[in-house]
Every structure is written in C-alpha cells, then in structure tokens.
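Chain G is fixed; fit chain W onto it per the hints.
There are 2 protein chains.
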Amino acid sequence: MDMRKHVEVCFTPGEYEYFKDEYDIVVVIDVLRATSAICAAFDHGIKSIIPVATIDEAREYQKKGYLVGAERKGQIVEGFDFGNSPYSYMKEALKGKDVVLSTTNGTKALSIASEADTVVVGSLLNLNALCEWLAKQDKNVLCLCSGWQDKFNLEDTICAGAISDYLIKTGDFRSNEDSSIAAKYLYLSAWDNPLGYLKSSSHRRRLKNLNLNEDVKYCLTPNTSTSIPILKDGKLTKL
Amino acid sequence: MDMRKHVEVCFTPGEYEYFKDEYDIVVVIDVLRATSAICAAFDHGIKSIIPVATIDEAREYQKKGYLVGAERKGQIVEGFDFGNSPYSYMKEALKGKDVVLSTTNGTKALSIASEADTVVVGSLLNLNALCEWLAKQDKNVLCLCSGWQDKFNLEDTICAGAISDYLIKTGDFRSNEDSSIAAKYLYLSAWDNPLGYLKSSSHRRRLKNLNLNEDVKYCLTPNTSTSIPILKDGKLTKL
Chain G
49 MDMRKHVEVC FTPGEYEYFK DEYDIVVVID VLRATSAICA AFDHGIKSII PVATIDEARE
109 YQKKGYLVGA ERKGQIVEGF DFGNSPYSYM KEALKGKDVV LSTTNGTKAL SIASEADTVV
169 VGSLLNLNAL CEWLAKQDKN VLCLCSGWQD KFNLEDTICA GAISDYLIKT GDFRSNEDSS
229 IAAKYLYLSA WDNPLGYLKS SSHRRRLKNL NLNEDVKYCL TPNTSTSIPI LKDGKLTKL
Chain W
49 MDMRKHVEVC FTPGEYEYFK DEYDIVVVID VLRATSAICA AFDHGIKSII PVATIDEARE
109 YQKKGYLVGA ERKGQIVEGF DFGNSPYSYM KEALKGKDVV LSTTNGTKAL SIASEADTVV
169 VGSLLNLNAL CEWLAKQDKN VLCLCSGWQD KFNLEDTICA GAISDYLIKT GDFRSNEDSS
229 IAAKYLYLSA WDNPLGYLKS SSHRRRLKNL NLNEDVKYCL TPNTSTSIPI LKDGKLTKL
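If you're matching them up, the sequences are chains G and W in order.
Using my numbering, the letters of the first sequence correspond one by one to residues 49 to 287.
Using my numbering, the letters of the second sequence correspond one by one to residues 49 to 287.
Bound conformation, chain G alone (with noise of 0.2 Å):
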C-alpha cells in the first residue's frame, strides 16, 4: 500500500468544492498579489491580518478603526487605505498592526477554504520555507489556486507546481490529480525564467497595464522570504 501523503492542486476556488474535505493542509496561492503582498507584510513588522471577501465587510472594519486595504481589479478601491501592492506593507507606520485586507481573488480563496484543519498562505517569495514545513507535517497538503475572476491562471499554477515538485521529491508525497501533474509541468518548463514564460499570461499582461511592473518583479522573484502566514479563528499571522 501506498503510504505517500497527497499533495494535489486545484486551480480556482469554483472547483475546491470537489477537494475539500479531504486535504488537512490548504496552501491558499494568489501570486499576483495578494499572497505575496501577505509574505511581504508579515516580513516588515505586521501584526496581523483579517481578510474579508467583501468591500462592505472591509467597510465594517473601517468604521471601527482598522486600517483597512481594498483592491478590485488591480485597483485600489476608492476610499480605502491601500491595494495588494506588496509595497504598500512595508511602512513604518503599519509595523505591530492589525491589518483589514479584501481582495478580487485571494480573500476570497482564503474565505472559501477557511473551514479546512490548517489553513497557510503560499506565494513564490516563501516557496522554500513553506515547503520545508509543509514536509515536516506529514499531512496531506491541497494547493488552492486563487485564479483571476473564477478562471485559472498561470502564475499560481506555477507556484503550485513548484510547491508539488519539491514535495514528491521528498519521497514523502505523490499526485493523483490531472491539475496536479499539469501544474508540476507547467512549473518545470516555466521555472528557469518566470517572467519571460509569463509575459504572455493575461493577468500580468493587465498589471502591466497598470503600470505595476515593480509589483511583478517583485512577486516572481522566489525564497525571499521565510514569513509562513497562517490563518486562525479568521486572522492571520506569521506562524
């Protein structure tokens, strides 16, 4: 019998209603941004951080005081104190805060896999620090891409495929999954030059429009951080 632990990936929070359950860990993955924007906070000081799914509960918490960041479409929503740029976290003045974030994607995959045993945050920047945890659990782990507006993406593809290789290569794990396999060879021939391989990819291509350049630089730029958020009772913070 096979004792090897899953390690599988699901590509948008539409389809996690057909994984969960059965995963004790999920790795919630939005690359562009808003997971790597959480490594990020966390990395400069940040307390915590509460995300919510929707602008009117991001408002609730404005009301009662909480520095709060909203982001809709790559945008900062108006009335709001920041977006998912990574950059935004890393002031001074958010340093031992407790921090309110909504976001098109990523808030929304955390809220949707919340009910799961363990709940932590993935991204390209804490690859490698996750991945050493996430071997040493021996629980089987389910990698939840957060996509881009309900369809799949390639940038938390690729992550998850990173996250899968160096899983099975612990001799710990194995995919069952199509998505999961597609993913580990997405990543594999994507690895050596992610932004070259992603340039064609729509939502950079959007970001870019934006004029967030730096963001992408920044987000697809690995093991830059050892921050592993994880989410309890609704909050997260640095495990």
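Worth flagging that the hints you see were computed from the coordinates, not collected in a lab.
One thing to keep in mind: the hints can contain errors.
Stated by the list, open to error - Think about it this way: if two alpha-carbon atoms lie no more than 27 Å apart in a straight line, the pair counts; the simulated BS3-like pairs of lysine-lysine are:
id, chain 1, residue 1, chain 2, residue 2
1, G, K143, G, K286
2, G, K121, W, K68
3, W, K199, G, K217
4, W, K283, W, K112
5, W, K184, W, K95
6, G, K199, W, K187
7, G, K112, G, K280
8, G, K265, G, K139
9, G, K283, G, K187
10, W, K217, W, K68
11, G, K280, G, K111
12, W, K53, W, K217
13, G, K187, W, K199
14, G, K68, G, K53
15, G, K199, G, K265
16, W, K143, W, K286
17, G, K286, G, K187
18, G, K68, G, K184
19, G, K283, G, K68
20, G, K95, G, K283
21, W, K95, W, K265
22, G, K199, W, K53
23, G, K121, W, K53
24, G, K143, G, K95
25, G, K199, W, K217
26, G, K143, G, K111
27, W, K184, W, K286
28, G, K68, G, K199
29, W, K283, W, K184
30, G, K199, W, K68
31, G, K143, G, K265
32, G, K68, W, K199
33, W, K111, W, K286
34, W, K95, W, K112
35, W, K121, G, K53
36, W, K139, W, K265
37, G, K53, W, K199
38, W, K199, G, K199
39, G, K68, W, K121
Below, chain W alone, put in the same frame as chain G:
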C-alpha cells in the same frame, strides 16, 4: 487593432459560464472516450447520435425503441446496449441508425454548450480535419474540455492545445486566456509521445484498471478520422 479571432480553452464544464456567449463555435472534447466514440461512429456509417445528459432521458429513448448507449465512471450502465467504447460503434447493426448516448462527462458538456451558435465535436481522431474546417470559418472558437467529474483532465486539455496551436499558426487566431496558453504548453510538451505523457494521467489509469487499453490506444491516435460531428436541434450528424 488586432483583428485576429480568438481560440480559447475552457478546462471544465463548470467554468463554461465564465466563457459562454463570447464564442460563435464551441468544440466539445472528451478524448477518453465520448467524443472519440462519436467520431468513430460517424466513420462507420451511423446516421445520427442524440446526446442526452441523464440516464433518465436515456431510458425514455430506450422505451421508444432507440438503440441507447450509457456510460458512467467508465462502465456500461446496466440495461443499456453499449457504453462509450469506440469499438461499440463499429458494428454493422448500427449503420444508418439513429443512436442515443449518455456519458459521465462528454454528453454533459454537449448539453451545457448546446445554446451556442455552432457546436462541433473534437477529438484527437478528427484533429486535422476539424482544424482545417475551423480555420475556414473566421469565427471565435472555444474548446470546451469535458474533464473528469467536473475536474480538469490532461487528455482533453492536450487536444484543445493542439487545436489552438494549429489555429494560431494560421496567423488568423490568437489566445488571451491563461488556460489557453497552458493548454498549448501542455500540448507542445506532450505531442511527441501522448501515450507516454499521459501514462500518469488519472483518467487513463482508471481506464487501464478497467482493461480498456485498446480503447485508450485508439483514442490517443491522431488523425484517423475525417468526420466532423455537428450538433443541430439536439442531434449530432456528420457535417
């Protein structure tokens, strides 16, 4: 302004809602085995195929005296004449007949796509014939993969990637969606050896367990058919 037509790939019937109404032609793909069997059927002289989504509908047709095939989870449903093995459709007794078919994934996808202007059936068998025809239509094309129980599968995606690659090379088509870009990459890395590439694919493994190796080989051999099945008023006929 870019005047090229779109060729895009939708990985699963569940995601079709995010794509529909934007494409004049939908190509429904279920390589293992429904759309391969449908091509084989027209190659062997079947007059028409009525695809139905549910077993109940299939039984209704059976009561009316139709020859009815029904497959669920790779097996022929009890009480029906055949399943979705291409070899079932090569029999003398079916020539010139109207046949009804219900399968786990393929006929569900046909049913979901049925409101589109033009719905045709794609497989590796009729790949070149279909692509030559699509190239002449000057219309936006969506490849709708049937998936496996609402999840992504590799063989449908590779077939969709092959169609996209062909159409893009004509110079008259482009792909914008990340799913389309991924499908093309997966196709390009798989094409030299689709059987080898798919050996780890979950669906193929399932069929192997059911001793359907001959079916798999048949379905993964490209360009053995020139049939282009087209859906009109709920009935597939040969174009």
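Status of each hint after checking the structure:
no.: 1; hint: G/K143 with G/K286; result: holds (13 Å)
no.: 2; hint: G/K121 with W/K68; result: holds (21 Å)
no.: 3; hint: W/K199 with G/K217; result: holds (25 Å)
no.: 4; hint: W/K283 with W/K112; result: holds (16 Å)
no.: 5; hint: W/K184 with W/K95; result: holds (25 Å)
no.: 6; hint: G/K199 with W/K187; result: holds (23 Å)
no.: 7; hint: G/K112 with G/K280; result: holds (21 Å)
no.: 8; hint: G/K265 with G/K139; result: holds (19 Å)
no.: 9; hint: G/K283 with G/K187; result: holds (22 Å)
no.: 10; hint: W/K217 with W/K68; result: holds (24 Å)
no.: 11; hint: G/K280 with G/K111; result: holds (23 Å)
no.: 12; hint: W/K53 with W/K217; result: holds (12 Å)
no.: 13; hint: G/K187 with W/K199; result: holds (23 Å)
no.: 14; hint: G/K68 with G/K53; result: holds (16 Å)
no.: 15; hint: G/K199 with G/K265; result: holds (23 Å)
no.: 16; hint: W/K143 with W/K286; result: holds (13 Å)
no.: 17; hint: G/K286 with G/K187; result: holds (20 Å)
no.: 18; hint: G/K68 with G/K184; result: holds (22 Å)
no.: 19; hint: G/K283 with G/K68; result: holds (20 Å)
no.: 20; hint: G/K95 with G/K283; result: holds (10 Å)
no.: 21; hint: W/K95 with W/K265; result: holds (25 Å)
no.: 22; hint: G/K199 with W/K53; result: holds (20 Å)
no.: 23; hint: G/K121 with W/K53; result: holds (25 Å)
no.: 24; hint: G/K143 with G/K95; result: holds (7 Å)
no.: 25; hint: G/K199 with W/K217; result: holds (25 Å)
no.: 26; hint: G/K143 with G/K111; result: holds (21 Å)
no.: 27; hint: W/K184 with W/K286; result: holds (17 Å)
no.: 28; hint: G/K68 with G/K199; result: holds (18 Å)
no.: 29; hint: W/K283 with W/K184; result: holds (23 Å)
no.: 30; hint: G/K199 with W/K68; result: holds (13 Å)
no.: 31; hint: G/K143 with G/K265; result: holds (24 Å)
no.: 32; hint: G/K68 with W/K199; result: holds (13 Å)
no.: 33; hint: W/K111 with W/K286; result: holds (26 Å)
no.: 34; hint: W/K95 with W/K112; result: holds (17 Å)
no.: 35; hint: W/K121 with G/K53; result: holds (25 Å)
no.: 36; hint: W/K139 with W/K265; result: holds (19 Å)
no.: 37; hint: G/K53 with W/K199; result: holds (20 Å)
no.: 38; hint: W/K199 with G/K199; result: holds (13 Å)
no.: 39; hint: G/K68 with W/K121; result: holds (21 Å)
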